[in-house]
Amino acid sequence: MSQKQNSNTYVVCSPKGGVGKTILSEILTTLIYTENKAITVYRPDDFNVIDDEPHNFKLVHIGTKSIQLQNFGKRINTDCIDFLFRKSKNINIIDLSKDGFELLQELGMGVNYYIPLTDNAIEVDLAIKTIEIIKEFSAFDPKIYLVLNKCNSLDKNEIEKQFIGLFGDKKIGIKSRIDEITVDNIFYIPTSKIFSEFSLTKTNLLDYLNSNNQKNEAFNQEVEHFVQKIQDLKKSF
28 MSQKQNSNTY VVCSPKGGVG KTILSEILTT LIYTENKAIT VYRPDDFNVI
78 DDEPHNFKLV HIGTKSIQLQ NFGKRINTDC IDFLFRKSKN INIIDLSKDG
128 FELLQELGMG VNYYIPLTDN AIEVDLAIKT IEIIKEFSAF DPKIYLVLNK
178 CNSLDKNEIE KQFIGLFGDK KIGIKSRIDE ITVDNIFYIP TSKIFSEFSL
228 TKTNLLDYLN SNNQKNEAFN QEVEHFVQKI QDLKKSF
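Take the sequence shown: its letters are residues 28 to 264, numbered as in the numbering used here.
For the record, the hints were derived by calculation from the structure and aren't laboratory data.
Just to be clear, a hint being listed does not mean it is correct.
Below, a list of computed lysine-lysine pairs in the DSBU-like style, where the Cα atoms sit at most 30 Å apart [unchecked claim]:
| # | residue 1 | residue 2 |
| --- | --- | --- |
| 1 | 261 | 177 |
| 2 | 162 | 43 |
| 3 | 220 | 198 |
| 4 | 262 | 156 |
| 5 | 162 | 183 |
| 6 | 43 | 188 |
| 7 | 198 | 170 |
| 8 | 262 | 162 |
| 9 | 229 | 177 |
| 10 | 198 | 183 |
| 11 | 188 | 262 |
| 12 | 43 | 229 |
| 13 | 170 | 261 |
| 14 | 198 | 156 |
| 15 | 220 | 177 |
| 16 | 198 | 188 |
| 17 | 202 | 188 |
| 18 | 43 | 156 |
| 19 | 256 | 242 |
| 20 | 220 | 262 |
| 21 | 198 | 261 |
| 22 | 162 | 202 |
| 23 | 220 | 242 |
| 24 | 177 | 242 |
| 25 | 229 | 256 |
| 26 | 202 | 43 |
| 27 | 229 | 156 |
| 28 | 177 | 262 |
| 29 | 188 | 256 |
| 30 | 170 | 156 |
| 31 | 220 | 43 |
| 32 | 262 | 43 |
| 33 | 177 | 188 |
| 34 | 198 | 229 |
| 35 | 183 | 220 |
| 36 | 202 | 170 |
| 37 | 220 | 261 |
Pairwise CB distance ranges (calculated) [unchecked claim]:
| # | residue 1 | residue 2 | range |
| --- | --- | --- | --- |
| 38 | 163 | 249 | 17 to 25 Å |
| 39 | 247 | 202 | 16 to 24 Å |
| 40 | 256 | 163 | 19 to 27 Å |
We treat Cβ as the ideally placed atom computed from N, Cα and C, and that holds for glycine.
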């Protein structure tokens, strides 16, 4: 377990696919963006190797900024982590699946962890287990955030109805699990069709916002409204 400080790294993790890890990585990239920093997005595959194919994220240069998928070419080990993350002045975002969880003990202190969760009730148990794993492998007290993804509404009452597996419902005898979730904060991401379009066009949210070739005005407004709704996530930085 590393005792070194690594405050420039943000980890999006879940043992389950389809919860929105990749979209959340795009959102974090967009919100963390600053002119004088480069962001590198890492997506270890099932063998804990950095993929050299830029799925969804293409290499872009915006001023002094570049966003890229790191081509690593070998298994990640302690020396690699030390070189890539702790000695880098850049910002690192790691899109981590269950097979990469062994990296957690190498990342050190100061890392921000984000656990995306949809309204699938089975994911509550997985989120609780993920929190336990993070705390087991992380030095001292890690910063952990639960992100409720694909919210149909950002109204509190509507969120509690949609995520009934987490918040429960006394009227129909479903127990609340919220007290079992020990995190620093809970954030909410609205559902949006914009990411389906980005997937088709092989782009991402930040690239699109900085592009001169944006789509029609209606789509631009949809993107703008979405960005406004995710600003609360900045409280975790």
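Status of the hints after comparison with the structure:
no.: 1; hint: 261 / 177; verdict: 18 Å, holds
no.: 2; hint: 162 / 43; verdict: 19 Å, holds
no.: 3; hint: 220 / 198; verdict: 33 Å, violated
no.: 4; hint: 262 / 156; verdict: 24 Å, holds
no.: 5; hint: 162 / 183; verdict: 28 Å, holds
no.: 6; hint: 43 / 188; verdict: 22 Å, holds
no.: 7; hint: 198 / 170; verdict: 34 Å, violated
no.: 8; hint: 262 / 162; verdict: 21 Å, holds
no.: 9; hint: 229 / 177; verdict: 21 Å, holds
no.: 10; hint: 198 / 183; verdict: 18 Å, holds
no.: 11; hint: 188 / 262; verdict: 25 Å, holds
no.: 12; hint: 43 / 229; verdict: 23 Å, holds
no.: 13; hint: 170 / 261; verdict: 14 Å, holds
no.: 14; hint: 198 / 156; verdict: 27 Å, holds
no.: 15; hint: 220 / 177; verdict: 10 Å, holds
no.: 16; hint: 198 / 188; verdict: 12 Å, holds
no.: 17; hint: 202 / 188; verdict: 13 Å, holds
no.: 18; hint: 43 / 156; verdict: 12 Å, holds
no.: 19; hint: 256 / 242; verdict: 20 Å, holds
no.: 20; hint: 220 / 262; verdict: 25 Å, holds
no.: 21; hint: 198 / 261; verdict: 35 Å, violated
no.: 22; hint: 162 / 202; verdict: 25 Å, holds
no.: 23; hint: 220 / 242; verdict: 14 Å, holds
no.: 24; hint: 177 / 242; verdict: 23 Å, holds
no.: 25; hint: 229 / 256; verdict: 23 Å, holds
no.: 26; hint: 202 / 43; verdict: 23 Å, holds
no.: 27; hint: 229 / 156; verdict: 33 Å, violated
no.: 28; hint: 177 / 262; verdict: 20 Å, holds
no.: 29; hint: 188 / 256; verdict: 20 Å, holds
no.: 30; hint: 170 / 156; verdict: 16 Å, holds
no.: 31; hint: 220 / 43; verdict: 21 Å, holds
no.: 32; hint: 262 / 43; verdict: 26 Å, holds
no.: 33; hint: 177 / 188; verdict: 13 Å, holds
no.: 34; hint: 198 / 229; verdict: 45 Å, violated
no.: 35; hint: 183 / 220; verdict: 22 Å, holds
no.: 36; hint: 202 / 170; verdict: 26 Å, holds
no.: 37; hint: 220 / 261; verdict: 22 Å, holds
no.: 38; hint: 163 / 249: 17 to 25 Å; verdict: 41 Å, violated
no.: 39; hint: 247 / 202: 16 to 24 Å; verdict: 44 Å, violated
no.: 40; hint: 256 / 163: 19 to 27 Å; verdict: 34 Å, violated
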